[in-house]
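Next come the chains, spelled out residue by residue.
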Amino acid sequence: MSIHTKTIAQLAQGLKDKEFSSVEITQHYLDRIKQSDLNAFVTVTDELAMAQAQAADDKIASGGASILTGIPYAHKDIFCTQGVKTSAGSKMLDNFISPYDATVSHQLNQADLVMLGKANMDEFAMGSSNENSFYGAVKNPWDKSKIPGGSSGGSAAAVAGGLSCFATGTDTGGSIRQPASLCGITGLKPTYGRVSRYGMIAYASSLDQAGPMTKTAQDAAIVLNAMAGFDDKDSTSAEQVVPDYTANLNDSIKGLTIGLPKEFFSDGLDDGVATQVMNAVKEFEAMGAIVKEITLPNSAYAIPTYYIVAPCECSSNLSRMDGVRYGHRCDNPKDLEDLYLRSRSEGFGAEVKRRIMIGAYALSAGYYDAYYLKAQKTRHLISDDFKKAFAEVDVIMGPVSPTTAFDLGSVKDPVSMYLADIYTLSANLAGLPGMSIPAGFSNKLPVGLQLIGNYWSESKLLNIAHQFQQQTDWHTKTPEEG
Amino acid sequence: MSLSEAQVTQIAYLARLSLSDDELQDNTKDLNDILGLAEQLGAIETDDIEPMAHPLHMTQRLRADVVTEIDQSELFQSIAPKTGNGHYLVPTVIE
Numbered sequence: 001m002s003i004h005t006k007t008i009a010q011l012a013q014g015l016k017d018k019e020f021s022s023v024e025i026t027q028h029y030l031d032r033i034k035q036s037d038l039n040a041f042v043t044v045t046d047e048l049a050m051a052q053a054q055a056a057d058d059k060i061a062s063g064g065a066s067i068l069t070g071i072p073y074a075h076k077d078i079f080c081t082q083g084v085k086t087s088a089g090s091k092m093l094d095n096f097i098s099p100y101d102a103t104v105s106h107q108l109n110q111a112d113l114v115m116l117g118k119a120n121m122d123e124f125a126m127g128s129s130n131e132n133s134f135y136g137a138v139k140n141p142w143d144k145s146k147i148p149g150g151s152s153g154g155s156a157a158a159v160a161g162g163l164s165c166f167a168t169g170t171d172t173g174g175s176i177r178q179p180a181s182l183c184g185i186t187g188l189k190p191t192y193g194r195v196s197r198y199g200m201i202a203y204a205s206s207l208d209q210a211g212p213m214t215k216t217a218q219d220a221a222i223v224l225n226a227m228a229g230f231d232d233k234d235s236t237s238a239e240q241v242v243p244d245y246t247a248n249l250n251d252s253i254k255g256l257t258i259g260l261p262k263e264f265f266s267d268g269l270d271d272g273v274a275t276q277v278m279n280a281v282k283e284f285e286a287m288g289a290i291v292k293e294i295t296l297p298n299s300a301y302a303i304p305t306y307y308i309v310a311p312c313e314c315s316s317n318l319s320r321m322d323g324v325r326y327g328h329r330c331d332n333p334k335d336l337e338d339l340y341l342r343s344r345s346e347g348f349g350a351e352v353k354r355r356i357m358i359g360a361y362a363l364s365a366g367y368y369d370a371y372y373l374k375a376q377k378t379r380h381l382i383s384d385d386f387k388k389a390f391a392e393v394d395v396i397m398g399p400v401s402p403t404t405a406f407d408l409g410s411v412k413d414p415v416s417m418y419l420a421d422i423y424t425l426s427a428n429l430a431g432l433p434g435m436s437i438p439a440g441f442s443n444k445l446p447v448g449l450q451l452i453g454n455y456w457s458e459s460k461l462l463n464i465a466h467q468f469q470q471q472t473d474w475h476t477k478t479p480e481e482g
Numbered sequence: 483m484s485l486s487e488a489q490v491t492q493i494a495y496l497a498r499l500s501l502s503d504d505e506l507q508d509n510t511k512d513l514n515d516i517l518g519l520a521e522q523l524g525a526i527e528t529d530d531i532e533p534m535a536h537p538l539h540m541t542q543r544l545r546a547d548v549v550t551e552i553d554q555s556e557l558f559q560s561i562a563p564k565t566g567n568g569h570y571l572v573p574t575v576i577e
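If you read the protein sequences in the order shown, they are chains Y and R.
So the first sequence is numbered by this note's numbering: it starts at 1 and just counts up by one.
So the second sequence is numbered by this note's numbering: it starts at 483 and just counts up by one.
Treat the hints as calculated values from the structure; they're not laboratory data.
Heads up, some of the hints might be wrong.
The following label-pair restraints were derived from C-beta to C-beta distances [as the list claims (entries may be wrong)]:
#, chain 1, residue 1, chain 2, residue 2, range
1, R, Met540, Y, Asn109, 53 to 63 Å
2, Y, Asp331, R, Thr491, 39 to 49 Å
3, R, Met540, Y, His28, 24 to 34 Å
4, R, Ser502, Y, Ser145, 28 to 38 Å
5, R, Leu496, Y, Ser62, 51 to 61 Å
6, Y, Asp331, R, Asp503, 47 to 57 Å
7, R, Thr565, Y, Phe265, 52 to 62 Å
8, R, Gly566, Y, Asp232, 46 to 56 Å
9, Y, Asp413, R, Ile561, 31 to 41 Å
Far from chain Y by the CB rule (all over 10 Å, computed), these chain R residues [what the hints assert, rightly or not]:
#, residue
10, Ser486
11, Glu487
12, Ala494
13, Gln507
14, Glu521
15, His536
16, Leu538
17, Asp547
18, Asp553
19, Gly566
In this text, a Cβ means the ideal position worked out from N, Cα and C, and glycines have one as well.
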């Protein structure tokens, strides 16, 4: 077994047993990144990584190590990292060296992790294919002519392609789960408010949530232990006790009630994906789970609801990118208005401009009630559907994405791209935790199974996912070159 | 209802964006497509439904009114496009 196919748990054991050092595994990953053509990273922080690896080795030698000490990871370029470029995949922030650390960055540093670099992503996390990055599209390690998914596409490609042991991601409408599904890795979007948003460049503040992207559910539990927690620097952070997410991984799931929303298995779902998802559900039945058909009647409205709410919030959040205090400024502005107009028009890419304009329009006088207020009301209905469902079932399962990874450059109009988010958006609108776990292949491309849990049920989701991974080996498959 | 190119130009201006002729044409089509998608919401009866602003219906937390930030203006201004005497500089607004 090579180093880059090992999980966090396995690397931690090897570090403890002096089988290899953090410097050695870090160098191994840096060499692989150098040889890779996936475009998974915006910035490779090799010097910093080697220094962190050396410090981790010292700590291991002196006996103060934790399970994460010296483990190399890829950090999505949406998290501010002090002294390191934090671009959010945008030309607007191409020159932005963050003067401070995001809370998540701080937590991961405190855990003595080794940051290999900043992972590529769709610009300001807006996209489902990672084709909207100023730094170019990321390739799917399973087939380099395909997209890796988005917006955490660089993170997913790095983990699946053996370029980092794990990665961080953020999920506003599916941006952890969908790339995890399309790249065949494990991804967890926690309950809204579970992980601090401080220093995580905001896209849609009432939906954004960070989480781990890993090889296994066990690894996701280990990383979530380091990321989760109350933060008084984030006004929407939840004052909720953080359990040990690894504590219940081995619980039996006998008698677990699984809800299958009939709306998630309707027209538009690719047959190959449906087959793999249903095979996974059968596996759970064989493990003693009970399957029930449920209904989420408003789930079709998740797309129009999301594509009003998120652009409204983004148009507000991105108004601070004005070329005055940081980021891109146009050359020779003739007056203040010219400075704003040209700095923003040059700095933002097409999809970001589109969403800003939709938001500006939907929030403008005369249209607010018809669009934004209406969408906030339908959001409530979508959320209530889940409330009813969770009165009957322990977990909801279904596909993550209607298809496997599609060809780079093949989806050109924005609405077609948005429709592919159908199964992931509603968990964000409701604020619920969700996961994607590898569940097989269709035409040699990975298929993910989505798990949606009730509020604060991350431990349960990780337990369910871990039990599945004890019975199946989909999560151990790697692309041929790996 | 459909947005005209003139309306899209106005929306772009509200958001302090300027569009080239090609961008204007593309965005007029795309924005109309996206708003067409949003029209689907008209089919749902929402008169008695409360708008949902926060997934967990939490209210904003308050904290004690004490200074928690230290002065880091030099650090913050070191990444600014243009500064002078501790200020962020922009083209002259008032002569």
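Comparing the hints with the structure gives:
{"no.": "1", "hint": "R:Met540 x Y:Asn109: 53 to 63 Å", "verdict": "violated, 28 Å"}
{"no.": "2", "hint": "Y:Asp331 x R:Thr491: 39 to 49 Å", "verdict": "violated, 24 Å"}
{"no.": "3", "hint": "R:Met540 x Y:His28: 24 to 34 Å", "verdict": "violated, 44 Å"}
{"no.": "4", "hint": "R:Ser502 x Y:Ser145: 28 to 38 Å", "verdict": "holds, 31 Å"}
{"no.": "5", "hint": "R:Leu496 x Y:Ser62: 51 to 61 Å", "verdict": "holds, 59 Å"}
{"no.": "6", "hint": "Y:Asp331 x R:Asp503: 47 to 57 Å", "verdict": "violated, 22 Å"}
{"no.": "7", "hint": "R:Thr565 x Y:Phe265: 52 to 62 Å", "verdict": "holds, 57 Å"}
{"no.": "8", "hint": "R:Gly566 x Y:Asp232: 46 to 56 Å", "verdict": "violated, 35 Å"}
{"no.": "9", "hint": "Y:Asp413 x R:Ile561: 31 to 41 Å", "verdict": "holds, 37 Å"}
{"no.": "10", "hint": "Ser486", "verdict": "holds, 13 Å"}
{"no.": "11", "hint": "Glu487", "verdict": "holds, 13 Å"}
{"no.": "12", "hint": "Ala494", "verdict": "violated, 6 Å"}
{"no.": "13", "hint": "Gln507", "verdict": "holds, 13 Å"}
{"no.": "14", "hint": "Glu521", "verdict": "violated, 8 Å"}
{"no.": "15", "hint": "His536", "verdict": "violated, 6 Å"}
{"no.": "16", "hint": "Leu538", "verdict": "violated, 6 Å"}
{"no.": "17", "hint": "Asp547", "verdict": "holds, 14 Å"}
{"no.": "18", "hint": "Asp553", "verdict": "holds, 13 Å"}
{"no.": "19", "hint": "Gly566", "verdict": "holds, 13 Å"}
Hints 1, 2, 3, 6, 8, 12, 14, 15 and 16, counting from the list given before, are not met by this structure.
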